[in-house]
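Visitor: Here's the letter readout for the chains.
Number of protein chains: 2
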Amino acid sequence: MLLLKLNGYLELSDNLPKEAQSELKAFFDDANEKLLKKGAPRGKESEGAQVTGWTLKDDRVELQIISGRYVRAHAAILRLSNSLSELLGEKYHVGVRKAVATDYQIEAELEKEPLEPVTLPFTKQLKIEDKKAYITMVEMDESELKRNYPDRLLRRLEEKIAAQHISGKAEFTRTIERSNKSLQKYKFREDPTETALKLGWVKEFPGAGIWQIMPPYAALIRAIENMVVDDIAKPLGFQEVILPRLIPLDVEMKKGHLGIANEIIWACPPISRDPKEFEEILDYVEITGTPPVELLQKKLRPPTFGLAYAQCEPFYELFAQEIVDIEELEKNPIKFYDKNGPTWRWEGGGLKGLERLNEFHRIEFVYMAPPEKTIEIRDQILEKAKTMIDKDLDLEYRIDATTAVYLEHAGITEEQKEEKEEFVKTYDLTVILPFETQSRPEAELEIASFHVHTDFYAKRFHFRDKTRKTVYTGCVGIGPSRYAYVNLIRHGFNYDDWPQKIKKYIGDKLPEVPHTVTWPKK
Amino acid sequence: MLLLKLNGYLELSDNLPKEAQSELKAFFDDANEKLLKKGAPRGKESEGAQVTGWTLKDDRVELQIISGRYVRAHAAILRLSNSLSELLGEKYHVGVRKAVATDYQIEAELEKEPLEPVTLPFTKQLKIEDKKAYITMVEMDESELKRNYPDRLLRRLEEKIAAQHISGKAEFTRTIERSNKSLQKYKFREDPTETALKLGWVKEFPGAGIWQIMPPYAALIRAIENMVVDDIAKPLGFQEVILPRLIPLDVEMKKGHLGIANEIIWACPPISRDPKEFEEILDYVEITGTPPVELLQKKLRPPTFGLAYAQCEPFYELFAQEIVDIEELEKNPIKFYDKNGPTWRWEGGGLKGLERLNEFHRIEFVYMAPPEKTIEIRDQILEKAKTMIDKDLDLEYRIDATTAVYLEHAGITEEQKEEKEEFVKTYDLTVILPFETQSRPEAELEIASFHVHTDFYAKRFHFRDKTRKTVYTGCVGIGPSRYAYVNLIRHGFNYDDWPQKIKKYIGDKLPEVPHTVTWPKK
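Keeping their order, the protein sequence lines are chains A and B. Each residue of the first sequence is one higher than the last, beginning at 157 in my numbering. Each residue of the second sequence is one higher than the last, beginning at 157 in my numbering.
Extracted from the complex, chain A is given alone in its bound form (with noise of 0.2 angstroms):
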């Protein structure tokens, strides 16, 4: 059941006459009859659209509509806006200027009940009583009726009401893998942030979860990163490629990443180039020896560019518009990588250790290829990773296939259907630890997961194929920062007991932490 009633009106360019009145009584019955029917079912005409009442004032026709699931009475008006002006352009030369829906419910069946209260934007009233949502718009212009915002709040309603009956990402996960237990072999008990900073390998910075990295634990950070060059991305036919860092606004909302700004760092360029403009910045700092951040934030644009958060947002935008040849990429998938320096995610203020950074570093393979081939594709990434950690570091790990990392990186949550899909969206590769971490309470650490994304960001970066064949997409991201993390607590900071592979990158020795005199504390 849906049920629309609009009271509004569309503006004319000039006055009407009064003998117009026979002229418009005769346009509405017509429309009624015909226009506000056409694209209704056979039999469902009566569920179409129906102007209730109408009255010319002046410039103005005055509507009342209402109307069913076919013909929504906000596609009605725009209609009788466009066979109106050609009417009475002819007869009285006189054009709609604009149409407008003043007043604009919405009584429709849910498919649930919410849980607890929902709020919905440019809502006057939102009442929801017995599976039923009685929804009172604020008033809509002719573009957002055009942009059809009354379909959307409707839509998202019923999403913000199916995210209440889902728990959280836990529920989906389920084990697909265990390696054998080997936490005994681990050389720490305990989280070694505290050692590594008494030996100097890391430095506090002031910022929370982003460290000063010194020459040991940097060259630590780079073998990994070599490694996972050498053995997974160069094997596997992986380019590289530089992707940007800063992400415009337009392409995080592509990729869905306003769902998640709470978790994502925002960059404000200044206001202007011109230092003039900025010159009561530097004289308070002068005068007073602190930073005037509210008077900075004032001379700051909005924000314009979110801080990557996934690495892998530009390569989408890359091909954003473009048409791909699904045979091409059959043979020759796409298959970039990109180690262009740290990610950043807003975990908090309150980071403790080396495990979970606001700062990170990641290597984040992307490809584009046909549905099969790009789950293959991911598969043997998943697969040579899983021997690094096995095979090189000797690490304990599991594998779980869990929640498509495309909707959790939009704010998604989905019901569980696992069931109904015939194939694993993520696996997540998680190190077992032997004590629980500083940032959450599990004795584990994921230091990479692996997805295949469909077509989502094909459909929504709108990329195709030339014969419209599906394309998928997917992306890996491995993390040297954590790689490098569950090392120093699997074979501790004696560089002698560290695997082969690793001692291959650096050499004979571990460089050094230059000593000060107060620093590093003996």
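It does not matter which identical chain is meant; a pair holds if it fits inside one copy or across any two.
DSS-like cross-link-like pairs, simulated, lysine-lysine; straight-line CA separation at most 25 angstroms:
{"hint": "1", "residue 1": "LYS487", "residue 2": "LYS622"}
{"hint": "2", "residue 1": "LYS677", "residue 2": "LYS354"}
{"hint": "3", "residue 1": "LYS432", "residue 2": "LYS287"}
{"hint": "4", "residue 1": "LYS200", "residue 2": "LYS190"}
{"hint": "5", "residue 1": "LYS487", "residue 2": "LYS354"}
{"hint": "6", "residue 1": "LYS283", "residue 2": "LYS432"}
{"hint": "7", "residue 1": "LYS678", "residue 2": "LYS625"}
{"hint": "8", "residue 1": "LYS354", "residue 2": "LYS491"}
{"hint": "9", "residue 1": "LYS316", "residue 2": "LYS302"}
{"hint": "10", "residue 1": "LYS341", "residue 2": "LYS660"}
{"hint": "11", "residue 1": "LYS454", "residue 2": "LYS316"}
{"hint": "12", "residue 1": "LYS615", "residue 2": "LYS677"}
{"hint": "13", "residue 1": "LYS657", "residue 2": "LYS390"}
{"hint": "14", "residue 1": "LYS625", "residue 2": "LYS487"}
{"hint": "15", "residue 1": "LYS268", "residue 2": "LYS432"}
FYI, nobody ran anything at the bench for these hints, they're computed from the structure.
On the provided structure of chain A, position chain B as indicated by the hints.
Guide: Chain B alone, transformed into the frame defined by chain A:
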């Protein structure tokens, strides 16, 4: 000539009885003789401070103080506050709650007359006449007086006037060395950006001055990066570190970057990690299909980080408050390099070519040593960088001595005083081009710069030698993004024509750009 006139009051913790009048009189008479002259040089006692009037009103002692250069009026009121507190505490159990300068005027002789109007913060009125400044400050409380705001205001005024007398950077530039002319060898006579786009070596990204870098161009940038590491960093004993890219406001301030806030992109974390707080944003996106920029802005904290501009900011912070051993540094200077991804400068939204970017790659060398040693290290890097440009890349270049970077990066202009200086603080290495770039009316591009900071950052970040000998720092920035660009101009897009040194890192052939139906344009 300096004349300070302070009207203010001391607020007491309780009313004083009338009979305290006589004690106060004795106190102020005595203070005028001794307390407010203490510290003034012999014979200059008249330039100390003097209480010219006072009134007791309930719990307030209102005061008029004048002073010259010695024992400035704001220091005087603080001395009186302490001293009176002792006196009244003993006898009446009354303390002094606070000292306030309600009306505080400075009359000071200036070194130079301003060339255009000057503004000052914390100032009600500023008048300049005949090389004399008359400043009336806003009301100042005790903590502001203690932090010497009045002195700092005067110093800031002198600085701002001095800056007006100095023009831009160009004037201080002096060419030290010019290579032979070799523009005739260059493959390109015009900006190669269009060709790079057409070949798909780069692709536009919605942010100006930020590009998607595809396999062949990424390979070139990485090859140059590796050359710099192998031929400069390693032979000179530099170790890799990973320096953070999010620079907290306090570090930005110490670095001097609040003086160039107009060139920095600032980062704001979300106000909360709670998705509920951000629900409206996704609601808005789902209904309208556009990003709600202002709504997002409201959900962000004030600027918390600057995006790394100089790349070396964290290096100085690493040693903040530490004590180093200059003898140890003579033997083992600290020598690090960083290639942890891009850094950012806000060059504005109109960038068009690949030569000047908002997001770009640089290898940053940072070092700390005694003065002579620091200069020597800088000069060694310059020598090797020159060889690379000259012999390996075969480019026409110029080396200039120019404004010290540590001043430029703090928004400070300095007077020309090269004659007085015993060594050059900054060298720029500039490649000569056969055309004017799109970003500046210059047929050249600066591609690296080489700096000695003297003890500028040691002072600002508060680190020092254990015996208080002078500690110098320096940095060098070498930009693979720009090296790659000039390599294209010199050697073109045909891999066979490239220098052997670069090809060594890439292999038999360049990686290819994937081709879609619509891109790269044929």
